[in-house]
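Q: Residue numbers (the working numbering), protein chains in the order written: chain D, 1 to 276; chain L, 1 to 286; chain S, 1 to 267.
No false leads were slipped in.
Pair by pair, the computed Cβ-Cβ distance ranges are:
#1 Ala123(S) x Phe20(D): 56 to 64 Å
#2 Asn274(L) x Lys135(D): 50 to 58 Å
#3 Ile209(S) x Gly243(L): 30 to 38 Å
#4 Ser27(L) x Glu28(D): 58 to 66 Å
#5 Ile11(S) x Asn26(D): 53 to 61 Å
#6 Lys135(D) x Phe43(S): 40 to 48 Å
#7 Glu28(D) x Val9(L): 58 to 66 Å
#8 Thr15(S) x Arg231(L): 54 to 62 Å
#9 Lys222(L) x Lys68(S): 35 to 43 Å
#10 Thr16(L) x Glu132(D): 24 to 32 Å
#11 Cys273(D) x Arg231(L): 25 to 33 Å
#12 Arg231(L) x Tyr64(D): 50 to 58 Å
#13 Leu156(S) x Asp266(D): 56 to 64 Å
Residues from chain D shown here face chain L by an in silico Cβ test under 8 Å; the list is partial:
#14 His40
#15 His199
#16 Glu246
#17 Leu247
#18 Met268
No more than 25 Å apart at the CA atoms, straight line, and that leaves these computed lysine-lysine pairs for BS3-like:
#19 Lys176(S) x Lys103(L)
#20 Lys188(L) x Lys235(D)
#21 Lys222(L) x Lys176(S)
#22 Lys58(L) x Lys179(S)
#23 Lys222(L) x Lys179(S)
#24 Lys179(S) x Lys4(L)
#25 Lys141(S) x Lys119(D)
#26 Lys237(S) x Lys135(D)
#27 Lys17(D) x Lys150(L)
#28 Lys4(L) x Lys58(L)
#29 Lys276(D) x Lys258(L)
#30 Lys68(S) x Lys14(L)
#31 Lys176(S) x Lys164(L)
#32 Lys176(S) x Lys14(L)
#33 Lys179(S) x Lys164(L)
#34 Lys179(S) x Lys150(L)
#35 Lys179(S) x Lys79(L)
#36 Lys179(S) x Lys63(L)
#37 Lys179(S) x Lys103(L)
#38 Lys188(L) x Lys236(D)
#39 Lys177(D) x Lys234(L)
No wet-lab data here; the hints were simulated from the structure. Cβ coordinates follow ideal geometry from the N, Cα and C atoms, glycine included.
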Amino acid sequence: MIKAKNVSYKYSNQEGKDYFALKNINIEIKEGEFVAILGHNGSGKSTFAKHLNALLLPLEGTVYIDGMDTREEKYLWNIRQTAGMVFQNPDNQIVATIVEEDVAFGPENLGLEPNIIRKRVDEALLTVDMFEYRKHSPHLLSGGQKQRVAIAGILAMKPRCIILDEPTAMLDPSGRKEVIETIIKLNKEENITIVLITHFMDEAVNADRIYIMEEGHVVMEGTPKEIFSKVDEIKKLGLDVPQVTELAHMLIDEGIDLPKDVLTVDEMVVELCRLK
Amino acid sequence: MPIKVENLVHIYSKDTVFQHVALDDVSFTIEDGEFIGLIGHTGSGKSTLIQHLNGLLKPTSGKIYIDDVDINSKDVELKFIRQKVGLVFQYPEHQLFEETVYKDVAFGPTNLKLSDGEIKDRVKNSLELVGLNYEEIKDKSPFDLSGGQKRRVAIAGVLAMRPKILILDEPTAGLDPRGRDEILNEIKSLHKKEKITIILVSHRMEDIARLVDRILVLNKGKIQFFDTPSRIFKEAETLESIGLGIPQVSDLIRQLRKRGFPIEDCISVEEAKNAIINVLRGKKNA
Amino acid sequence: MLKDITIGQYIPGDTPIHNLDPRIKIIITFAFIAALFFINKFFGYLFVVAFMIMAVGLSKIPVRYIFKGLKPLLVIILLTVALNIFMTEGEVIYTIWKLRITKEGLIQAAFMALRLIFLITGASLLTLTTSPISLTDGIEKLLNPLRSIGVPAHELAMMMTIALRFIPTLLEETDKIMKAQMARGADFETGNIISRARAMVPLLVPLFISAFRRADELALAMEARCYRGGENRTRMKQLSIEFRDYMALIITIVFFLAILWSRYFVK
Numbered sequence: 001m002i003k004a005k006n007v008s009y010k011y012s013n014q015e016g017k018d019y020f021a022l023k024n025i026n027i028e029i030k031e032g033e034f035v036a037i038l039g040h041n042g043s044g045k046s047t048f049a050k051h052l053n054a055l056l057l058p059l060e061g062t063v064y065i066d067g068m069d070t071r072e073e074k075y076l077w078n079i080r081q082t083a084g085m086v087f088q089n090p091d092n093q094i095v096a097t098i099v100e101e102d103v104a105f106g107p108e109n110l111g112l113e114p115n116i117i118r119k120r121v122d123e124a125l126l127t128v129d130m131f132e133y134r135k136h137s138p139h140l141l142s143g144g145q146k147q148r149v150a151i152a153g154i155l156a157m158k159p160r161c162i163i164l165d166e167p168t169a170m171l172d173p174s175g176r177k178e179v180i181e182t183i184i185k186l187n188k189e190e191n192i193t194i195v196l197i198t199h200f201m202d203e204a205v206n207a208d209r210i211y212i213m214e215e216g217h218v219v220m221e222g223t224p225k226e227i228f229s230k231v232d233e234i235k236k237l238g239l240d241v242p243q244v245t246e247l248a249h250m251l252i253d254e255g256i257d258l259p260k261d262v263l264t265v266d267e268m269v270v271e272l273c274r275l276k
Numbered sequence: 001m002p003i004k005v006e007n008l009v010h011i012y013s014k015d016t017v018f019q020h021v022a023l024d025d026v027s028f029t030i031e032d033g034e035f036i037g038l039i040g041h042t043g044s045g046k047s048t049l050i051q052h053l054n055g056l057l058k059p060t061s062g063k064i065y066i067d068d069v070d071i072n073s074k075d076v077e078l079k080f081i082r083q084k085v086g087l088v089f090q091y092p093e094h095q096l097f098e099e100t101v102y103k104d105v106a107f108g109p110t111n112l113k114l115s116d117g118e119i120k121d122r123v124k125n126s127l128e129l130v131g132l133n134y135e136e137i138k139d140k141s142p143f144d145l146s147g148g149q150k151r152r153v154a155i156a157g158v159l160a161m162r163p164k165i166l167i168l169d170e171p172t173a174g175l176d177p178r179g180r181d182e183i184l185n186e187i188k189s190l191h192k193k194e195k196i197t198i199i200l201v202s203h204r205m206e207d208i209a210r211l212v213d214r215i216l217v218l219n220k221g222k223i224q225f226f227d228t229p230s231r232i233f234k235e236a237e238t239l240e241s242i243g244l245g246i247p248q249v250s251d252l253i254r255q256l257r258k259r260g261f262p263i264e265d266c267i268s269v270e271e272a273k274n275a276i277i278n279v280l281r282g283k284k285n286a
Numbered sequence: 001m002l003k004d005i006t007i008g009q010y011i012p013g014d015t016p017i018h019n020l021d022p023r024i025k026i027i028i029t030f031a032f033i034a035a036l037f038f039i040n041k042f043f044g045y046l047f048v049v050a051f052m053i054m055a056v057g058l059s060k061i062p063v064r065y066i067f068k069g070l071k072p073l074l075v076i077i078l079l080t081v082a083l084n085i086f087m088t089e090g091e092v093i094y095t096i097w098k099l100r101i102t103k104e105g106l107i108q109a110a111f112m113a114l115r116l117i118f119l120i121t122g123a124s125l126l127t128l129t130t131s132p133i134s135l136t137d138g139i140e141k142l143l144n145p146l147r148s149i150g151v152p153a154h155e156l157a158m159m160m161t162i163a164l165r166f167i168p169t170l171l172e173e174t175d176k177i178m179k180a181q182m183a184r185g186a187d188f189e190t191g192n193i194i195s196r197a198r199a200m201v202p203l204l205v206p207l208f209i210s211a212f213r214r215a216d217e218l219a220l221a222m223e224a225r226c227y228r229g230g231e232n233r234t235r236m237k238q239l240s241i242e243f244r245d246y247m248a249l250i251i252t253i254v255f256f257l258a259i260l261w262s263r264y265f266v267k
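Using the sequences plus the hints, can you model the full thing?
A: Structure representation (structure tokens):
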């Protein structure tokens, strides 16, 4: 579905000095996968996300979306329709003054028939559970609701893959929960490939696979269990691990017989009851 | 400098169809030098409450005393209150506007009409308090800084008012884990060094649990709880019902108790480790 | 404090006037305004009054809202009246100092005042009964034929939509920045004009920066959603002309003819 081969990208800063935002990135994501890309601010993860929607083009290397090379202009609109993108700030990606008009914005740009647009808009709003708000004005919605409207706006374009660039960074806990639940639902029920860019480890726990980026490189790759069991390495990268994983790690150091890859409270309870 | 709030009520758009009660009969006292966590679901009245504490909003009814002064009485100058109570809004870096970091941090003290020497002292001191190098940064444009640095400069701008009470509304929103921990550690050392009262609004229970003396929980404009973290996190069901969570360790302890583990309360990973080891080893020794 | 400002004074409703096609409503409003300029005797205003009573009655908009639109323009109306009273030559009925009030002046002033009042109330009725979004749609569709001569119809409409979308967001932001600067001792309320203007700098600079940042991000988000201008773009909501629109047009034509009749055939 997505294939990045030896991708590098350079920015120039104000003094005119170049620095690499991405260096030799190799990432492959299969159809239907849920992949999280973790890393702290400035690690290059957002720059990478923009490559997947052809908003940025690689300086070196190639990005293929569903076999289409992003540098080929003839594929541009096809790529943007195949790989939809949701951004961080919910306020700055809603265009229209009414929820359903905003969701219609994408399909309208695709030049679809009005009755088809209507159908897609209604479906998309039902999927993200915002149908009853279709006539509302976006600025009166909560952050989580706005972000779900933004997701519906992408869904209405029938993408096969959605890239979410820190979609929960500006939300409160309940908003974050709404958005993450929606993302999981899209992956499981609609079989949409998900690329979730985040710095919240508790969101990455839901993914099939995690890539960790640091200074433009991919430094780790694996399943959440593989990644988070390396508590010390993750902490050194300035990222969080779940509290129970950290606890398990400490207990193991004390000689207690626990698996290293405990991620949730429930798993931990089961393990400790076994020892009791 | 205690904060005393008595029967505070705030109603937005009173007597219109949009009437909305944001704070409903809120009373509490915060002692000098306390570190308070303020939590509540969006719309619980948190922002309304903190804006009352430095006079940006006026109560519909009720009284607020800072250091025994009724801040809404006619003969109190607003500047007096603004100087005592510093308020750092969410995403404070969005308020930076000057050409240099120095000028921006000096904005508050300049408004207080202090002498140039005093202003310089305060700017230098405030920037150092948030962990920035004064000489290196003072002449830079605030807009050329990184996200975390911008936020610190903005916080320094409030600290330069030399408040005795500092209120921070989600100072770590949007920061990555490293930036978040740095800011929180600075706030913690600020509390220790300067002995000021701190009110921290945050959604992150793990941070709240680790830092504060007491937690004030607001729900629908009323005080739900006002107690120590370990006691508050025992109320997991109530907290969840009002849209708040508890730290993972607190949840773990709660689940373990349900399964008959004789384990004491803990709020940090370290404490939990010791408690679990005690239970497991105690078992083996017995 | 800024939350009290309402933009566009649309009052939702489900009346024949609300439900007219926005294009028809815009055309009727222009026809109505044009008709006002054809009136040359007070008799003609009878038709205007009748037309307005019918329109306002059907729209169920409270009359005080219609007149509220006059308030901000009161100065202009009074100025027009004053100019007409004093500047028109004719039979002098009263003199104050060097100013002469003439009979023709009084008539002319009353005439102009009525024209302005009806012009403003007529336009207010349009904005009161049409949501900004359908107004935008209507303008876009009406301007569409002019695209071939270079009128950027789609772009204008898109700009209006985005402005409407971001006005509440930016107002909220203004409120927030103002409070944050006030917490640092800024004073927006006292002092003379110059010091007040200077006090706006800490508000305006962050506001502009934020507006540009938003514009940047919005442009990116629009591009990511395949926006490429008005070419080949379709719309979900189609405007359609229905029976009531034809009725409204016929009534307007009759009204227009009546005005012309009053101008050219009534002595």
